[in-house]
Amino acid sequence: MPAPASASPDYAQELFLDAASSVSASSGDIRHCAGIIADRFGSKTLRDLETKHHWMVNLTCQVHGLSRLVSDMARELPLFNNAASNCAKIAGYFNTTPSVRALLHKHQVQEHGHAFLLPIAAPPYNGGEFAAAFVMLESILTSARPLQLAVLEESYKVVCIDDLSAREIAAMVQNVAFWTEVEATHSVVKMIMDLVKEMETERPLVEQCPPL
473 MPAPASASPD YAQELFLDAA SSVSASSGDI RHCAGIIADR FGSKTLRDLE TKHHWMVNLT
533 CQVHGLSRLV SDMARELPLF NNAASNCAKI AGYFNTTPSV RALLHKHQVQ EHGHAFLLPI
593 AAPPYNGGEF AAAFVMLESI LTSARPLQLA VLEESYKVVC IDDLSAREIA AMVQNVAFWT
653 EVEATHSVVK MIMDLVKEME TERPLVEQCP PL
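In the numbering used here, the protein residues as written are 473 to 684.
Treat each hint with caution, since some may be false.
Stated by the list, open to error - Mimicking DSS-like on lysine-lysine, the simulated pairs with C-alpha atoms at most 27 Å apart in a straight line are: (1) LYS629 / LYS561; (2) LYS561 / LYS662; (3) LYS629 / LYS662; (4) LYS561 / LYS578.
Claimed, not checked - Pairwise CB distance ranges (calculated): (5) SER627 / LEU549: 33 to 39 Å; (6) GLU548 / ALA649: 18 to 24 Å; (7) LEU541 / GLU610: 15 to 21 Å; (8) LYS669 / LYS629: 41 to 47 Å.
Hints are computed from structural coordinates only; laboratory data are not their basis. Glycine residues also receive a C-beta, built at the ideal position from the N, C-alpha and C atoms.
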């Protein structure tokens, strides 16, 4: 049942009870509604309903909660923003600089059998949708070796003589800390996204759902 995002807890409870009554209309007994799953209201609203209607087992939507978890981490943890921002710099430089793009493509062909541009996610990276940033991180990781080999080429070093950006990108690509940040961010987001897909596919029973 749709409801305004800014609905008060009391109004939310009223909406939920209306929905429960509608579900139970054929029997006329609201107790035939065993529980409620909601994706936009806090656990307090659901707990209050359980207190008033003790037979109910109410849950926040697990998929929605896990998706929000990614958004919260992207907003609160500098690691996420740093990794995404640095990947965007690397992708932007290689995509828009023909001479170094050619070097990257050469090593991509050797490594993967084909060349491709690196996707770039637009900031901010802490919004509700981290999927584009995740694709960018994954692409950078896939091209890790081609990137590292490209910046070691003599022709890339020649570019570095007069191009500060080239020097900064080379330093980043050769920095172990950069790759550690990207791998850590990618691993955490992938784990959560895989869990979301699993829950959407298997639709676990209430007893299998963790409190979120």
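Structure-based check of each hint:
no., hint, result
1, LYS629 / LYS561, "holds (18 Å)"
2, LYS561 / LYS662, "holds (22 Å)"
3, LYS629 / LYS662, "violated (35 Å)"
4, LYS561 / LYS578, "holds (20 Å)"
5, SER627 / LEU549: 33 to 39 Å, "holds (38 Å)"
6, GLU548 / ALA649: 18 to 24 Å, "holds (20 Å)"
7, LEU541 / GLU610: 15 to 21 Å, "holds (19 Å)"
8, LYS669 / LYS629: 41 to 47 Å, "holds (43 Å)"
The structure does not agree with numbered hint 3 stated previously, though it agrees with all others.
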